[in-house]
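If you read the protein sequences in the order shown, they are chains A and B. One point on numbering: in the numbering used here, the residue at position 113 of the first sequence is 113, and numbering is uninterrupted. One point on numbering: in the numbering used here, the residue at position 169 of the second sequence is 383, and numbering is uninterrupted.
Because the hints were derived from the structure by calculation, they are not lab data. Everything numeric in this text was worked out from a predicted model, so none of it was measured. Hints are all accurate, no fakes.
Going by beta-carbon spacing under 8 Å, a handful of chain B positions derived as facing chain A:
| hint | residue |
| --- | --- |
| 1 | Val377 |
| 2 | Gly382 |
| 3 | Cys383 |
| 4 | Gln387 |
| 5 | Val392 |
| 6 | Glu396 |
Note that CB positions come from ideal geometry on N, CA and C, so glycine has one too.
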Amino acid sequence: MIGLDDVAVRAGAFSLRGVSFEVPAGGYGVLMGKTGGGKTTILEAICGLRPIDAGRIRLAGIEATALRPADRGIGYVPQDRALFRTMTVRRHLSFGPEVRGWSRGDIDARVGELAELLGIAPLLDRFPAGLSGGEAQRVTLGRALAARPKILLLDEPLGALDDETWEGMIGLLGQVRRATGVTTLHVTHRREEARRLADRVFVLADGDVHEQTR
Amino acid sequence: MNRDDRRFLGALGILGGGYLLLILAMFAADLAYTSPGHLLQALATPEIRHAIGLTLLTASVSAFLSVIVAIPLGYLFSRCEFRGRKFLNAVLDIPIVLPPLVIGLSLLILFQTLPGRLFEEHLFRVTYRVPSVILAQFSVAAAFAVRVLQAAFNQMTPRTEQVAMTLGCSRAQAFFRVVLPESRRAVLSAFAIAWARSLGEFGPVLVFSGATRNRTEVLSTTVYLELSIGKLESAVAVSILMVLIAAAVLGVLQGLGRADDVDRTVRR
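For reference, chain A alone in the conformation it holds in the complex (with noise of 0.2 Å):
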């Protein structure tokens, strides 16, 4: 589960307060929001990569509050992918297990896995460089889903990609939920996302968080 209490969280010029809600072990949130509303701040408050001012962020059933990024247990599909411009599609898939000391052998058969699962094994000796914008996301997604978190933060993860890709996306996407049954949530400002994928939206509307009844 993903739970927040009362978090407050400052970006700047900007700063939200009282941000509370909550996703079920299993389950698929979908955040919505205007653009520039402070989605990315309440991922990276989640993540540990921005620090709240105030409240308390579950995740998973621990107190993740103080946890640094590394122990939170997360997988996390910025907005702008953030490949490693030197690396191979293998090694990034290969880099959270690598980084978590799996064995060689355990990295292999998840690198196969995922690969097979997100469709990308003809591309795992490409650099970031050579791949096409549905291919790219589906590399971050599998860097994300690599060392088998419990928790998936995905911010705005079918963004700027064209209707076909993005269908194909929006079914890969499912497809990843019922084989990792990871807790997942969900940034985006379009509203079909929120219908095909969500159990639970939430709306970010003037600094404040509330779920809306589908």
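Assemble the complex: chain A is given as a structure, and chain B must be docked to it using the hints.
Chain B in isolation, oriented as in the chain A frame:
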């Protein structure tokens, strides 16, 4: 390309081309003034051969040391907000804006202070010896290397290292596994800039190291020494040698940069 574009680009070419022409004209004049015989004669002189060796050694060590301090400083100035950041950033401009001669004088005075004298007495002698050549070159070159790497880190999104931290890295691991590999080309550029700057450094070397033949003489001081005894042809021959050495070393560094092309699409 339409006519307007050609006119505009042509005007830019004429404006910038004047400078390139000046450089080529200077080099052509040097070449016309000397002959292969002068070059061979210069190469056959033991003092000049010693100066070539010392120049290559000191410029390489200075450039290496410059990169060693430029990576952490460039990263800190680019990524961190801390008290006194603006002041320290301005301090970094001192070696860039000060006349190099003043840097040499300041180093000389520094080693006349009590800590400087104690350092020389108890650790190793610096002034008027080879370490002074390296220190003089490093003092100026490192500032340029820091600026190159600071600009490179500014252009790199911090998001990649943040993602690495969510994947299990500490900040240090994210730096060594992600940031440093992505900045390899900038590190090479910083090394090249520092090396070129060290090669041409004259003022601080002359003041802090002297220009003693077979001891602290580097190629930039050779040109000065040859000129001071009226051997203009020899001075020009050494200048051309410097250009050739610089072109060779910078060519190798550029080749390394191409070999390390991280924007490639498929693993070779």
